[in-house]
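There are 4 protein chains.
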Amino acid sequence: MQKNKPSKNWKDSLYEIIFEADTTAGRIFDIALLICIILSVVTVMLESVIGIQQQVGKILYTLEWVFTIIFTLEYFARLMVVKYKRNYVLSFFGIVDLLSILPTYLAIFFYGAQSLMIIRVLRFLRIFRIFKMVKFVGESNVLMQAIKASKYKITVFMITIITSVVIAGTLMYLIEGGENGFTSIPRSIYWAIVTMTTVGYGDIAPQTNLGQSLAAIIMIMGYGIIAVPTGIVSAEMIQQKSKDKLSTQCCPVCLKEGHDADAVHCKFCGSTLNESDKSQ
Amino acid sequence: MQKNKPSKNWKDSLYEIIFEADTTAGRIFDIALLICIILSVVTVMLESVIGIQQQVGKILYTLEWVFTIIFTLEYFARLMVVKYKRNYVLSFFGIVDLLSILPTYLAIFFYGAQSLMIIRVLRFLRIFRIFKMVKFVGESNVLMQAIKASKYKITVFMITIITSVVIAGTLMYLIEGGENGFTSIPRSIYWAIVTMTTVGYGDIAPQTNLGQSLAAIIMIMGYGIIAVPTGIVSAEMIQQKSKDKLSTQCCPVCLKEGHDADAVHCKFCGSTLNESDKSQ
Amino acid sequence: MQKNKPSKNWKDSLYEIIFEADTTAGRIFDIALLICIILSVVTVMLESVIGIQQQVGKILYTLEWVFTIIFTLEYFARLMVVKYKRNYVLSFFGIVDLLSILPTYLAIFFYGAQSLMIIRVLRFLRIFRIFKMVKFVGESNVLMQAIKASKYKITVFMITIITSVVIAGTLMYLIEGGENGFTSIPRSIYWAIVTMTTVGYGDIAPQTNLGQSLAAIIMIMGYGIIAVPTGIVSAEMIQQKSKDKLSTQCCPVCLKEGHDADAVHCKFCGSTLNESDKSQ
Amino acid sequence: MQKNKPSKNWKDSLYEIIFEADTTAGRIFDIALLICIILSVVTVMLESVIGIQQQVGKILYTLEWVFTIIFTLEYFARLMVVKYKRNYVLSFFGIVDLLSILPTYLAIFFYGAQSLMIIRVLRFLRIFRIFKMVKFVGESNVLMQAIKASKYKITVFMITIITSVVIAGTLMYLIEGGENGFTSIPRSIYWAIVTMTTVGYGDIAPQTNLGQSLAAIIMIMGYGIIAVPTGIVSAEMIQQKSKDKLSTQCCPVCLKEGHDADAVHCKFCGSTLNESDKSQ
Chain A
1 MQKNKPSKNW KDSLYEIIFE ADTTAGRIFD IALLICIILS VVTVMLESVI
51 GIQQQVGKIL YTLEWVFTII FTLEYFARLM VVKYKRNYVL SFFGIVDLLS
101 ILPTYLAIFF YGAQSLMIIR VLRFLRIFRI FKMVKFVGES NVLMQAIKAS
151 KYKITVFMIT IITSVVIAGT LMYLIEGGEN GFTSIPRSIY WAIVTMTTVG
201 YGDIAPQTNL GQSLAAIIMI MGYGIIAVPT GIVSAEMIQQ KSKDKLSTQC
251 CPVCLKEGHD ADAVHCKFCG STLNESDKSQ
Chain B
1 MQKNKPSKNW KDSLYEIIFE ADTTAGRIFD IALLICIILS VVTVMLESVI
51 GIQQQVGKIL YTLEWVFTII FTLEYFARLM VVKYKRNYVL SFFGIVDLLS
101 ILPTYLAIFF YGAQSLMIIR VLRFLRIFRI FKMVKFVGES NVLMQAIKAS
151 KYKITVFMIT IITSVVIAGT LMYLIEGGEN GFTSIPRSIY WAIVTMTTVG
201 YGDIAPQTNL GQSLAAIIMI MGYGIIAVPT GIVSAEMIQQ KSKDKLSTQC
251 CPVCLKEGHD ADAVHCKFCG STLNESDKSQ
Chain C
1 MQKNKPSKNW KDSLYEIIFE ADTTAGRIFD IALLICIILS VVTVMLESVI
51 GIQQQVGKIL YTLEWVFTII FTLEYFARLM VVKYKRNYVL SFFGIVDLLS
101 ILPTYLAIFF YGAQSLMIIR VLRFLRIFRI FKMVKFVGES NVLMQAIKAS
151 KYKITVFMIT IITSVVIAGT LMYLIEGGEN GFTSIPRSIY WAIVTMTTVG
201 YGDIAPQTNL GQSLAAIIMI MGYGIIAVPT GIVSAEMIQQ KSKDKLSTQC
251 CPVCLKEGHD ADAVHCKFCG STLNESDKSQ
Chain D
1 MQKNKPSKNW KDSLYEIIFE ADTTAGRIFD IALLICIILS VVTVMLESVI
51 GIQQQVGKIL YTLEWVFTII FTLEYFARLM VVKYKRNYVL SFFGIVDLLS
101 ILPTYLAIFF YGAQSLMIIR VLRFLRIFRI FKMVKFVGES NVLMQAIKAS
151 KYKITVFMIT IITSVVIAGT LMYLIEGGEN GFTSIPRSIY WAIVTMTTVG
201 YGDIAPQTNL GQSLAAIIMI MGYGIIAVPT GIVSAEMIQQ KSKDKLSTQC
251 CPVCLKEGHD ADAVHCKFCG STLNESDKSQ
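Protein chains in written order, with UniProt numbering: chain A, 1 to 280; chain B, 1 to 280; chain C, 1 to 280; chain D, 1 to 280.
Hints are computed from structural coordinates only; laboratory data are not their basis.
Wrong hints could be hidden among the right ones.
Note: identical chains are not told apart, hence a pair may lie in one copy or across any two.
Here are the simulated SDA-like cross-link-like pairs (lysine to any residue), alpha carbons at most 25 Å apart as the crow flies [claimed, not checked]: (1) Lys148 with Ile159; (2) Lys151 with Asp30; (3) Lys58 with Leu125; (4) Lys11 with Gly26; (5) Lys58 with Leu171; (6) Lys148 with Thr62; (7) Lys58 with Gly177; (8) Lys85 with Ile69; (9) Lys11 with Phe92.
Construct the entire structure; sequences and hints are all you get.
Encoded structure:
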């Protein structure tokens with residue numbers, strides 16, 4: 001971006017402060033905003049604790065409105081300076097910004113709606129923008145690509161899990177029955193999920209011998225099967241890494257890429273690869 | 001498959017609709033079937049919830065019969081159009097299709113048998129047939145091969161786990177005894193499985209110092225040992241991946257190997273690779 | 001082993017039946033033994049269940065003695081036919097075989113000692129000897145080597161975990177105190193192990209805000225830290241696998257091994273490697 | 001280090017005993033110290049058990065003072081012989097050594113402070129110094145580097161987890177409400193952490209259908225998402241390993257790379273590799 005442009009109107013300046021983080025003013029704005037978001041989220045949390053709410057409820061209520069007004073002003077400022085307003089409003093952060101201010105206004109009419117303000121925590125994801133954004137975005141992309149590349153494997157795995165918990169839950173419903181807490185099939189499936197994911201609350205637990213035997217099988221299955229998604233993601237990640245090791249050279253004749261680091265000739269057209277390009 | 005065959009009798013047309021998913025009619029049939037399966041499974045689930053059963057039990061009972069009749073007709077249709085009837089009846093989906101309709105009829109004689117209808121959820125696995133079947137089947141195969149390739153390692157691991165829980169369970173039975181919930185060796189082994197798989201219901205928990213010390217060792221063992229199957233599957237998956245990438249072709253001039261599957265020219269000497277060899 | 005030896009005395013024949021599994025008689029003996037072991041373990045388990053013990057206690061008691069006598073005879077038979085008696089008695093299976101028969105005799109004097117018979121389950125590990133022993137032993141070795149190769153990393157990991165749970169347990173003892181179940185430091189450390197390994201019985205659980213915050217940190221630590229041993233074992237396994245891929249060729253001049261599959265010259269002395277040897 | 005220096009004053013001798021572990025006296029000192037640390041930690045633990053405290057409280061109290069005096073003397077000895085006193089006092093072990101003796105003196109004024117002595121367990125980390133230190137430090141470094149290299153990925157993962165539990169906790173607070181144990185947002189977030197990390201105490205558990213459905217989603221998420229850090233660490237570890245194996249040397253004749261670290265001759269053309277290049 002050209003920073004030494006001779007004249008800039010106030011909209012462009014404000015845009016740079018609000019939407020970017022590479023000027024001093026922009027950084028200060030973003031950090032101030034992050035602090036507001038954290039304080040605002042803490043306020044909402046504290047308000048839900050009965051003891052605290054009774055003691056300093058009024059202060060928290062005031063703070064809530066202060067933050068809401070700040071965020072409302074910010075939302076309109078963003079809306080004003082942005083060029084493609086529609087794009088901002090419909091973007092992920094545009095929607096989150098709007099949803100972050102609505103609950104306080106809604107709470108005037110519907111008691112309890114202020115808890116929805118916790119959605120402001122999503123605004124916190126802007127943090128990636130501020131601190132070495134490029135690094136973080138790059139790493140997020142590696143994670144996202146690894147997950148995307150394994151999407152079919154993960155779907156197969158998820159459908160296997162869901163089918164297993166439905167069948168396991170129903171069997172336990174038939175074996176244990178309502179008197180042992182397995183009062184319905186959905187509740188038994190809930191138990192099967194609690195067990196297979198190794199969470200194990202213990203609010204529902206099998207009492208009969210047959211039920212405990214089946215439960216033991218489900219547990220061992222759930223315990224061992226975690227190796228599958230882990231293996232998938234590990235294999236993907238390693239491949240993502242090895243992709244980085246491919247040379248960035250491009251064939252001078254056919255212009256195709258993706259050559260191994262040790263290649264002398266282009267594997268597509270056979271012409272000799274540029275040696276000097278290789279050393280880059 | 002040749003689609004522009006001049007004449008087809010109704011059996012072949014029906015076969016294509018029911019058993020395949022690459023014509024429009026076939027896709028519509030399969031999607032309609034999936035919706036029926038899901039609705040049918042939801043009906044069975046809801047029927048098991050006492051509150052709902054009392055309110056809309058009659059509607060659910062009617063729906064149950066409607067789906068059973070649909071599935072019965074479908075089963076006979078499949079049986080009629082398929083060439084090798086025996087193969088279909090004895091295939092995985094043939095057995096599941098039959099088991100999916102039996103429980104409703106059985107429920108006339110045995111109360112509660114309708115819960116077995118949940119087996120219909122297995123029919124849902126047909127989903128892989130419909131949406132980009134090839135991709136899914138390919139990915140399932142990778143998963144299956146990785147698991148098959150590690151079957152000896154997994155067996156060794158499983159026998160180690162089973163031996164450990166039997167010994168751990170018996171020791172806890174001797175240490176804690178019936179008054180702390182460890183009323184028998186099978187029950188103590190059940191506890192050992194609950195603990196080693198990190199499920200941890202807490203319905204049975206050691207109370208003595210010695211018991212808690214042994215439990216702590218079992219927990220740490222169970223926590224750390226999960227690394228073993230995960231490592232096995234990860235290593236297998238990575239190997240499966242690297243196998244896919246390298247072609248087995250060899251340069252006809254310099255005789256070097258290790259070319260990528262998409263290579264046309266040898267990356268070492270630049271001569272053209274043998275195309276026919278590639279297709280192997 | 002030479003099987004067509006002209007004459008064998010009865011000791012050698014018996015040795016072959018008892019200690020080896022590659023003759024028909026040897027296989028039958030081993031399978032019969034495995035069945036006895038399983039039945040014997042099941043007998044011990046059933047005897048611990050009060051209901052069953054009251055009904056068929058006498059039958060079980062008789063069965064127990066039958067198996068003990070069988071195993072006693074087997075132990076003396078092994079002792080008789082083996083050449084190096086001392087080696088057998090002090091070997092892993094020699095000790096297990098002895099410990100498997102002692103509890104029944106001890107139970108005459110000390111009531112309850114028969115539960116120790118469960119140690120017979122260790123005899124079951126002989127199963128590896130029978131079914132495709134070589135495969136299993138090979139795979140066990142890969143697992144063992146991967147674990148051995150990571151022994152320093154695993155020790156570092158274990159000491160970190162132990163130090164963490166000692167500190168976490170003590171902090172929780174100070175924060176929560178006896179009224180919330182954290183009655184002593186050892187008990188609090190037990191809780192920390194239950195939590196960090198994600199078992200989570202819930203028999204002891206923090207009640208104060210500070211305690212729950214610390215518990216949350218321990219949980220996230222325990223949840224994330226499992227990635228470390230998994231990563232260690234995965235990396236080791238992959239290396240074990242790639243070792244298999246090294247060519248088995250040996251330099252004809254300096255006789256050193258460990259050459260890459262694509263090596264033309266010995267990497268130690270520079271002499272040309274034997275091409276025909278390579279293709280093996 | 002030169003050991004055959006003709007004359008050494010007592011300070012240097014003491015320094016070698018206290019701070020180093022490669023002389024016999026140094027080893028004996030370090031092992032004696034480790035035993036004192038373990039005994040001291042056990043004393044603190046036992047003192048917190050009410051039963052034991054009532055029986056042998058006086059002995060434990062005396063032992064506590066004995067160990068404190070030993071450690072105090074040791075601290076001053078270290079301070080005396082070390083050259084850069086400031087560096088030692090501000091080093092990790094310097095601070096731990098000081099914190100290890102303070103609680104006993106504090107306990108004179110503040111009852112209960114002696115539990116803080118458990119910090120002595122950190123002194124136990126000196127164990128790495130004694131037994132094959134180089135190996136352990138090397139392995140710790142591999143672990144540390146793998147974790148450092150993945151720090152951005154781990155941060156992205158942690159922020160995702162924290163954002164998820166805050167949102168999940170708040171939703172559960174709104175759905176379940178105080179009557180089912182979700183009395184405040186912070187407490188609901190605590191529940192979300194307990195659930196997502198698969199600890200699952202069961203002290204708070206959802207009761208409503210909607211709550212149990214959301215809980216099931218959180219569990220499956222927490223169960224599957226562990227694959228992500230595991231994949232990250234596995235990929236890093238494998239890369240760390242492969243880095244160690246390949247030397248960066250290049251053949252002076254054919255200029256090919258990729259030689260093993262122990263190679264003397266180029267594996268492609270057989271010419272001698274440059275020794276000086278190797279040592280880089």
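Which of the numbered hints are not met once you compare them with the structure shown?
Going through the list in order, the structure violates hints 3, 6 and respects the others.
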